[in-house]
Amino acid sequence: MNRLSYIGIAIAAAVVLAAIFAPFLATHDVTAQDLAIRFAPPSAEHWFGTDALGRDIYSRLIFGARISLEVGITVVVVSGTIGILIGSIAGYYGGWIDKVLSGYLFNVFLAFPGLLLAIALVAFLGAGLGKLILALCIIGWVGYARVMRGQVLKVREYDFVQAAKALGAGNMRILFTHIMPNAIQPLIVQASLGMAGAVLSEASLSFLGLGIPPPAPSWGTMIEEARQYFAATPHVLFFPGAAIALTVLAFNFIGDGLREYLDPKQRTR
Amino acid sequence: MKYKLLNFARRLGLMLLVIWTVVSAVTLLIELVPGSPAATILGETATAEQIDNFNQKHGLDRPAFFISYTDEHGLAWNGTNNRYYDYWAGLLRGDLGTSFRTDRPVLDMILERYPATIKLALAAMLVAVGIAIPLGVLAGRNKNGILDNIASFIALLGISLPTFVIGPFLVYVFAVKLGWFAPTGSLYPEDIVLPAITLGAALSAILTRMVRSSVIEELGEDYVRTARAKGLSERTVVYKHVLKNGLIPVVTILGLQLGVLLAGAIITEKIFSWQGLGLLLLEDGIAKRDYRLVQGCVLVISVTYILANTLTDLVYRRLDPRIRLS
Chain A
1 MNRLSYIGIA IAAAVVLAAI FAPFLATHDV TAQDLAIRFA PPSAEHWFGT DALGRDIYSR
61 LIFGARISLE VGITVVVVSG TIGILIGSIA GYYGGWIDKV LSGYLFNVFL AFPGLLLAIA
121 LVAFLGAGLG KLILALCIIG WVGYARVMRG QVLKVREYDF VQAAKALGAG NMRILFTHIM
181 PNAIQPLIVQ ASLGMAGAVL SEASLSFLGL GIPPPAPSWG TMIEEARQYF AATPHVLFFP
241 GAAIALTVLA FNFIGDGLRE YLDPKQRTR
Chain B
1 MKYKLLNFAR RLGLMLLVIW TVVSAVTLLI ELVPGSPAAT ILGETATAEQ IDNFNQKHGL
61 DRPAFFISYT DEHGLAWNGT NNRYYDYWAG LLRGDLGTSF RTDRPVLDMI LERYPATIKL
121 ALAAMLVAVG IAIPLGVLAG RNKNGILDNI ASFIALLGIS LPTFVIGPFL VYVFAVKLGW
181 FAPTGSLYPE DIVLPAITLG AALSAILTRM VRSSVIEELG EDYVRTARAK GLSERTVVYK
241 HVLKNGLIPV VTILGLQLGV LLAGAIITEK IFSWQGLGLL LLEDGIAKRD YRLVQGCVLV
301 ISVTYILANT LTDLVYRRLD PRIRLS
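Residue numbers (our numbering), protein chains in the order written: chain A, 1 to 269; chain B, 1 to 326.
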């Protein structure tokens with residue numbers, strides 16, 4: 001692991017801790033409005049200042065971390081599981097199953113630009129946390145499936161798999177106990193990058209008004225609300241912007257570090 | 001030759017199959033709308049007659065698909081009397097339907113806005129290439145040096161900073177503080193600069209990393225040693241020999257990223273009120289629940305994306321003899 005990935009781990013840990021201990025770390029009620037102090041600059045009372053409705057930006061950011069991580073983790077786990085299963089089946093069985101799955105199904109899902117498909121789904125389904133997660137899972141699984149298929153294609157030729165076959169192990173046993181544990185490593189990189197992608201997508205959709213509706217303190221929604229006022233009061237945009245950028249950067253650093261660590265060819269470079 | 005033709009036909013077949021699926025999916029998206037589109041668009045105060053008229057006008061009173069199921073009749077075969085068939089028949093005539101809100105042909109509305117989006121995407125690409133090639137070459141030639149680390153960090157920053165953070169930041173610095181550009185709009189030619197940088201930032205970061213690793217790889221090849229042994233200047237070696245070979249993967253990424261840019265343009269267009277397809281989709285389509293318009297926009301962006309990808313694949317094969325032969 002390189003130095004940057006340790007920085008990434010530190011930032012990600014801070015975000016996770018902020019999300020877990022949000023009620024203890026927040027200094028104000030996230031929805032409490034006080035128009036008398038709107039756009040207050042950062043101070044001892046309001047560390048990151050207040051927004052257009054006089055709400056405390058710091059507390060909203062802390063609770064916003066919960067939304068980002070909830071979306072990120074759910075999307076990675078669900079789309080990762082679906083992707084691993086479908087990718088493994090395509091890679092292991094090969095033949096017409098692989099042709100249908102990787103030749104057709106993968107291509108169909110890759111044919112939509114991810115964000116557009118998410119926008120379309122949310123536009124027709126309606127906004128909300130559950131629908132947003134559903135949309136991101138629908139666009140997310142194919143990335144894992146592609147990597148997994150490639151891995152399984154490689155691992156299924158290894159001697160120990162042939163040995164298991166010769167010993168009469170069934171397909172499911174070979175796939176789940178012999179191939180999957182040995183093929184899953186690169187998926188860790190994919191999951192870390194997927195986490196960054198999901199956090200970013202949630203913020204993007206919320207920014208477009210298609211994610212989590214206000215007054216929930218989603219980072220994307222905070223930026224969208226700040227957009228009209230930032231020329232006069234830049235701090236309303238700066239803090240949520242920095243929160244998203246740092247979180248995404250952190251998971252990208254971790255993903256990059258893991259990739260380098262897992263790939264000996266890159267490590268020596 | 002025979003193999004080439006066969007490969008081309010296979011690629012074309014797959015593309016048509018994918019387009020067919022995408023069109024079908026987009027056609028059926030409207031079935032996902034909770035409640036009925038008529039009730040959503042006409043509002044709660046609409047009379048039953050108004051709703052009937054609306055449904056009749058837009059064909060929503062007809063079955064969605066070839067087969068339908070009702071409690072009364074069970075499974076029924078509808079023949080060509082269905083909306084899926086209508087949409088296809090319209091598409092083949094170049095008709096994307098009529099807007100639920102404005103009663104104008106959706107295709108006309110899209111064609112008015114599409115050039116602005118294409119212009120923005122191409123400008124963003126230009127920005128990305130303009131930044132990525134010098135930065136990537138600099139990083140690749142100084143592998144693991146300080147310049148490489150700085151360039152790699154900038155690249156990672158470009159990937160991680162979302163468009164909706166970069167955009168307002170650029171507006172704040174270059175429009176509000178320095179007054180060089182207008183904060184929003186597309187009145188003057190120079191108004192494209194900030195949106196293009198915003199949209200191109202992430203792509204330039206991806207390309208920088210690609211150019212860097214390409215340059216590192218190519219610098220280790222024999223022909224580079226030969227070129228240097230001939231006494232060519234380092235500049236000629238890098239820009240005439242190394243880049244020529246190193247740019248092949250970059251071309252692929254450019255093609256594949258065109259669609260990503262088209263989709264990413266939706267956010268950029270919103271930030272800068274750029275009158276393109278993305279803003280049409282967001283403001284006239286989604287915000288006003290004009291589902292027919294949303295269908296049209298999603299379809300046009302997706303099909304452009306598929307065509308760009310297929311074309312890239314074919315061009316890539318021509319560029320790199322190794323792929324052609326394999």
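Hints were generated in silico from the structure; no laboratory data involved.
Here the structure is a predicted model, which is why all the values come from computation and not from measurement.
Heads up, a few of these hints could be off.
As the list claims (entries may be wrong) - Distance windows between CB atoms, simulated:
no. : chain 1 : residue 1 : chain 2 : residue 2 : range
1   : B       : 36        : A       : 2         : 50 to 60 Å
2   : A       : 171       : B       : 88        : 37 to 47 Å
3   : A       : 77        : B       : 77        : 37 to 47 Å
No residue lacks a Cβ here, since even glycine has one placed at the ideal position from N, Cα and C.
Checked hints:
no., hint, verdict
1, B/36 <-> A/2: 50 to 60 Å, "holds (55 Å)"
2, A/171 <-> B/88: 37 to 47 Å, "holds (40 Å)"
3, A/77 <-> B/77: 37 to 47 Å, "holds (42 Å)"
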